[in-house]
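The hints should help you fit chain P onto chain Y, whose structure is shown.
There are 2 protein chains.
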Amino acid sequence: MQTEDEEFNNHKKNALVKLEDAMKSHKVDTLVIPLLEKINSTSDYFTTSSCAGRIVVLQLPEIGNKKKAVFLGRWHRTVNVEEVSEALDSYNEGQVWLLTQPPIFHIGCKNIVAANELMKIGISNGFKHSGIRSISSQITVELQSTERMDIPLGSKNTLVIEKEIIPFFVDMANTSITRAQDKLTRLQKHIEEKLN
Amino acid sequence: MQTEDEEFNNHKKNALVKLEDAMKSHKVDTLVIPLLEKINSTSDYFTTSSCAGRIVVLQLPEIGNKKKAVFLGRWHRTVNVEEVSEALDSYNEGQVWLLTQPPIFHIGCKNIVAANELMKIGISNGFKHSGIRSISSQITVELQSTERMDIPLGSKNTLVIEKEIIPFFVDMANTSITRAQDKLTRLQKHIEEKLN
Numbered sequence: 003m004q005t006e007d008e009e010f011n012n013h014k015k016n017a018l019v020k021l022e023d024a025m026k027s028h029k030v031d032t033l034v035i036p037l038l039e040k041i042n043s044t045s046d047y048f049t050t051s052s053c054a055g056r057i058v059v060l061q062l063p064e065i066g067n068k069k070k071a072v073f074l075g076r077w078h079r080t081v082n083v084e085e086v087s088e089a090l091d092s093y094n095e096g097q098v099w100l101l102t103q104p105p106i107f108h109i110g111c112k113n114i115v116a117a118n119e120l121m122k123i124g125i126s127n128g129f130k131h132s133g134i135r136s137i138s139s140q141i142t143v144e145l146q147s148t149e150r151m152d153i154p155l156g157s158k159n160t161l162v163i164e165k166e167i168i169p170f171f172v173d174m175a176n177t178s179i180t181r182a183q184d185k186l187t188r189l190q191k192h193i194e195e196k197l198n
Numbered sequence: 003m004q005t006e007d008e009e010f011n012n013h014k015k016n017a018l019v020k021l022e023d024a025m026k027s028h029k030v031d032t033l034v035i036p037l038l039e040k041i042n043s044t045s046d047y048f049t050t051s052s053c054a055g056r057i058v059v060l061q062l063p064e065i066g067n068k069k070k071a072v073f074l075g076r077w078h079r080t081v082n083v084e085e086v087s088e089a090l091d092s093y094n095e096g097q098v099w100l101l102t103q104p105p106i107f108h109i110g111c112k113n114i115v116a117a118n119e120l121m122k123i124g125i126s127n128g129f130k131h132s133g134i135r136s137i138s139s140q141i142t143v144e145l146q147s148t149e150r151m152d153i154p155l156g157s158k159n160t161l162v163i164e165k166e167i168i169p170f171f172v173d174m175a176n177t178s179i180t181r182a183q184d185k186l187t188r189l190q191k192h193i194e195e196k197l198n
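If you're matching them up, the sequences are chains Y and P in order. So for the first sequence, the working numbering puts the first residue at 3; every next one is plus one. So for the second sequence, the working numbering puts the first residue at 3; every next one is plus one.
Since the hints were derived computationally from the structure, they do not count as laboratory data. This structure is a prediction, so every number in the text was calculated from the model and none was measured. Ideal Cβ placement from N, Cα and C applies to all residues, glycine included. Watch out, some of these pointers could steer you wrong.
What the hints assert, rightly or not - Interface residues of chain P toward chain Y, partial, derived using beta-carbon atoms under 10 Å:
(1) Lys68
(2) Lys70
(3) Val72
(4) Leu74
(5) His78
(6) Gln97
(7) Thr102
(8) Asn118
(9) Met121
(10) Gly128
(11) Ile134
(12) Pro154
(13) Gly156
(14) Ile163
Stated by the list, open to error - Counterexamples of contact, computed for chain Y against chain P with all Cβ distances above 12 Å:
(15) Gln4
(16) Ser27
(17) Lys70
(18) Glu84
(19) Glu88
(20) Lys112
(21) Thr187
(22) Glu195
Chain Y extracted, bound-state conformation (with noise of 0.2 Å):
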């Protein structure tokens, strides 16, 4: 039978595997890396997903349906009028939505306390929507930043929203994807200076 600490290194070793393989094909977001890497470099923590926050153009069957969700478009960055404009150009089946979904990472902790401890630095760090997310075989913490829009421009094959409106809701998101960002910043100073 394996100790607890045994099963976390054991997790650990997976999650790195797999976090290099990610690395290889350009799947992790380059503004993240620094940040898993110094988790990763501590006895107590894993990085198992994260995001550092990005503009989606969302197509949907019906609201809530993501299973057959198709990406149109997807930015881990500010975004122009264009770039928007042509993704819902390819729009063609049930809802489209525009939305900005806030920086998030899912982390695996050796203990309760260092769940703990990780669930306070987020949240006085303006990772407002931070918890424990699972404590069933391995305990995960998830970090998720509070910025997030989610407006439907169209439905039933159609674009309901006038192209006009289009520079005013990227705007927006670029507002909020920027605030995102900074507040990514932040939570890496914090993780540098408070864990070892």
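Relative to the frame of chain Y, chain P by itself:
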């Protein structure tokens, strides 16, 4: 020194007094009262806050500045176009947003095992943003569903969207809140069955 059980019982007692006061002054959504009563009748849990889900017209100085936000309209039910338009008529400063916020509950738990059980019931009944939000002086689980809309409608004291688009956004908001409240019924049913 208090035992953990005594501490939990004291927290619960205080929370129930607050809930009773809130109910007397009609500050609790009637839709969630049966669920709150069920949770509070168990030995391992008590509710500290709740919302049945709502549609909101919110004025705020800038993105993310919720401290200075003003509710121009707030409904725990489906809305009509006239109600939303009327709320927008009183918009006079900063930005204005139309939001749909999902049902949310904060629940004190006797121990980490009880917290884990409740979190699992939430996640398996569509409350997928559930997690343990605090384990310091009190273990608190947040149960939260996923339906949301966050639509900017105006900025710099000016309504940017055309009024013609409001019926579309209202229709989407109503679909979203109806879906969320259906999930609430499902959650209630499972909590009735599984918690004692």
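Original post:
Are there hints from earlier that the structure breaks, and if so, what are their numbers?
Top reply: 2, 3, 4 and 5
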